[in-house]
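Q: Now for the letters of each chain:
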Amino acid sequence: MPSSQTPSIAGVALDPTAVRPPLDDAEVVRVAPQQLRETLIALRDGGCTMLLDVGGVDYLDREPRFDVAYHLLALPQAAATVEAVGRPRRVRVLAGVPAEDARLPSVTDLWPSADWAEREVYDLFGIVFDGHPNLRRVQMPDDWVGHPLRKDYPLRGPAAEATPRPAFASKSNVPAGTPPSGKVAEALQRQIARARERGNA
Amino acid sequence: MDVVERQGNTMTLSMGPQHPSTHGVLQVVVEISGEVVEKLEMEIGYLHTGIEKTCENLFWTQASTGIERMDYLNPLGNALCYMLAVERLLGIEERIPPRAQAIRVLLCELSRIASHCVWLGTGGIDLGAISTFFYTFDIREDILDLIEQSGGARMHPNYLRIGGVNGDVPAGFLARLDALIAKFPVRMRELRTLLQNNPILRDRMIDVGTVSAEHAVKWGLTGPALRASGIAYDVRRAFPYSGYETYEFDVPTRTEGDAYARFLVRLDEMDEAMRIVRQVRKRLDEPGPIMVDDPKIAQPPKETIALSMEALIHHFKIVSESFRVPPGDVYQAIESPRGELGFYLVSNGNNRPWRVRTRPPSLYNLQALKLIAPGQLIADAVVMIGSLDPVFGEVDR
Numbered sequence: 737m738p739s740s741q742t743p744s745i746a747g748v749a750l751d752p753t754a755v756r757p758p759l760d761d762a763e764v765v766r767v768a769p770q771q772l773r774e775t776l777i778a779l780r781d782g783g784c785t786m787l788l789d790v791g792g793v794d795y796l797d798r799e800p801r802f803d804v805a806y807h808l809l810a811l812p813q814a815a816a817t818v819e820a821v822g823r824p825r826r827v828r829v830l831a832g833v834p835a836e837d838a839r840l841p842s843v844t845d846l847w848p849s850a851d852w853a854e855r856e857v858y859d860l861f862g863i864v865f866d867g868h869p870n871l872r873r874v875q876m877p878d879d880w881v882g883h884p885l886r887k888d889y890p891l892r893g894p895a896a897e898a899t900p901r902p903a904f905a906s907k908s909n910v911p912a913g914t915p916p917s918g919k920v921a922e923a924l925q926r927q928i929a930r931a932r933e934r935g936n937a
Numbered sequence: 201m202d203v204v205e206r207q208g209n210t211m212t213l214s215m216g217p218q219h220p221s222t223h224g225v226l227q228v229v230v231e232i233s234g235e236v237v238e239k240l241e242m243e244i245g246y247l248h249t250g251i252e253k254t255c256e257n258l259f260w261t262q263a264s265t266g267i268e269r270m271d272y273l274n275p276l277g278n279a280l281c282y283m284l285a286v287e288r289l290l291g292i293e294e295r296i297p298p299r300a301q302a303i304r305v306l307l308c309e310l311s312r313i314a315s316h317c318v319w320l321g322t323g324g325i326d327l328g329a330i331s332t333f334f335y336t337f338d339i340r341e342d343i344l345d346l347i348e349q350s351g352g353a354r355m356h357p358n359y360l361r362i363g364g365v366n367g368d369v370p371a372g373f374l375a376r377l378d379a380l381i382a383k384f385p386v387r388m389r390e391l392r393t394l395l396q397n398n399p400i401l402r403d404r405m406i407d408v409g410t411v412s413a414e415h416a417v418k419w420g421l422t423g424p425a426l427r428a429s430g431i432a433y434d435v436r437r438a439f440p441y442s443g444y445e446t447y448e449f450d451v452p453t454r455t456e457g458d459a460y461a462r463f464l465v466r467l468d469e470m471d472e473a474m475r476i477v478r479q480v481r482k483r484l485d486e487p488g489p490i491m492v493d494d495p496k497i498a499q500p501p502k503e504t505i506a507l508s509m510e511a512l513i514h515h516f517k518i519v520s521e522s523f524r525v526p527p528g529d530v531y532q533a534i535e536s537p538r539g540e541l542g543f544y545l546v547s548n549g550n551n552r553p554w555r556v557r558t559r560p561p562s563l564y565n566l567q568a569l570k571l572i573a574p575g576q577l578i579a580d581a582v583v584m585i586g587s588l589d590p591v592f593g594e595v596d597r
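In order, the protein sequences belong to chains A and B.
When you read off a place in the first sequence, starting at 1, and then add 736, the result is the number in our numbering.
When you read off a place in the second sequence, starting at 1, and then add 200, the result is the number in our numbering.
Because the hints were derived from the structure by calculation, they are not lab data.
Wrong hints could be hidden among the right ones.
Claimed, not checked - Calculated lysine to aspartate or glutamate pairs in the EDC-like style (CA-CA distance at most 16 Å, straight line): (1) Lys887/A with Asp751/A; (2) Lys496/B with Glu456/B; (3) Lys253/B with Asp845/A; (4) Lys502/B with Asp403/B; (5) Lys383/B with Glu341/B; (6) Lys570/B with Asp888/A.
Based on the sequences and whatever the hints tell you, model everything.
A: Written out as structure tokens, the structure reads:
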């Protein structure tokens, strides 16, 4: 099966985060999924008030297979001048996620900004965030099969044809079994179903 | 707008994804009671093109082509952020020649003005001030001409390279730049006269979409949206890159946190960007190298290829298999016109990036619409989207 995996060259690093002494870009904290929430809560209470980003990385042959990187920034929570902001502390929390149990606790209750970011990691890597109020796909169509940013996801070839590209109108169509996500989303689904019926008639 | 559902006094409307006021392909589903928004949800992803995945399968040198297309109003800023991250992994960030850095800063600040011009022009149309569009696009056109002259294309020139820029600015560039520098204050004065104290604009924007400083931090707002809430966080000041610490500029802030504050902050930012451009202009009189002095990274000048064996070999190697980047991960941020743009790059030592994760400022800024829209009029939701200035190429990537 053709794979998106770059042809490996002898000597490449299985875990790049462990190879090189970290550059002076942020403090790096590595945690197990069980300690993730307490670490993030401690950091938030210690002044890292803004969650800049949540992003996944798939290391394929490494154990644990995935990393989810939380980028934090220490900003004041009230009006502040350039001098008061200064050079804020940056922290990167890396949580290793094993392939067979790809789940992490959600932090949407700590930072509302995590909502779309966690949905994106779920969508593109298949990592489930327990406690997320609305864990649906965000970038790919809702009836898409597979998680495209995984390294074993095919770039092209027969397997790609096995995943038919849905029609444009079905972007937000949620297949049966997906947890409901509130009244608005349900109404939206009904609208799309009606549009489909009109299209079929 | 389609009516999705009616129930008692509330009605659910679907706005977009094809709707002029959403500034791109955004679907907003609003539950309204009369004219008041009760609840709002957004659907994004209509413009998802898998740029991050594509980058993993390109050489380090090629990936910037896709990256420029993320935030299409600030392609040079996107490319710069990626280049800085790769340069950091390569360990050459201290060796970028000053002239290359000055050209990078110049083009990024010009892009910031051009981007704010699009925001101001389209935001004006949202409010019925259609003539603004022509004033702002006049400035933008001059800037795009400059970008075309330096890089060869108006929108996505792929002019910045890992290690410097691709070729020096051509003859006639500086004269055009001088003309723009002379013209800009006049145009800005006209724009401010037209808009700043315009009673209709003030009525539509003051106290609309107010974000407190605390909420702005919680929701991950950056850029003008954060600074309009009073927090003077600017990546150019907090984590200077490309020599920003050597330029004099102020970070405009307001404390109101509403759409009008964001409008004023961006207007002031255009003036500050031009102030930086004027300082860069003075430095461009000095000639100098524009690429890092490292034959493994910088392509040799074309004219040397026919004369030197080494140049031919380096050229062949860089074009056919790029170069390897030492393993490691790095987070690099710059101040894009929309806020903190970040790249989290992972290299496993290969000639292609292992992972290119973008921190798109628009994604987080736009998300805050869920916070500010409920309880306000549906007509104001349009103003709020405009004032957050999302770019969907970047939100969806």
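Q: Hint by hint, note whether the structure agrees.
A: Going down the list of hints, with the structure as the test:
1. Lys887/A with Asp751/A: Roughly 14 Å between the alpha carbons, so the hint for Lys887/A and Asp751/A holds.
2. Lys496/B with Glu456/B: 51 Å, violated
3. Lys253/B with Asp845/A: Violated, because 29 Å separates the two Cα atoms, which is more than 16 Å.
4. Lys502/B with Asp403/B: 58 Å, violated
5. Lys383/B with Glu341/B: Roughly 13 Å between the alpha carbons, so the hint for Lys383/B and Glu341/B holds.
6. Lys570/B with Asp888/A: With Cα atoms ~35 Å apart, Lys570/B and Asp888/A exceed 16 Å; violated.
Going down the numbered hints, you'll see the structure goes against 2, 3, 4, 6, while the others check out.
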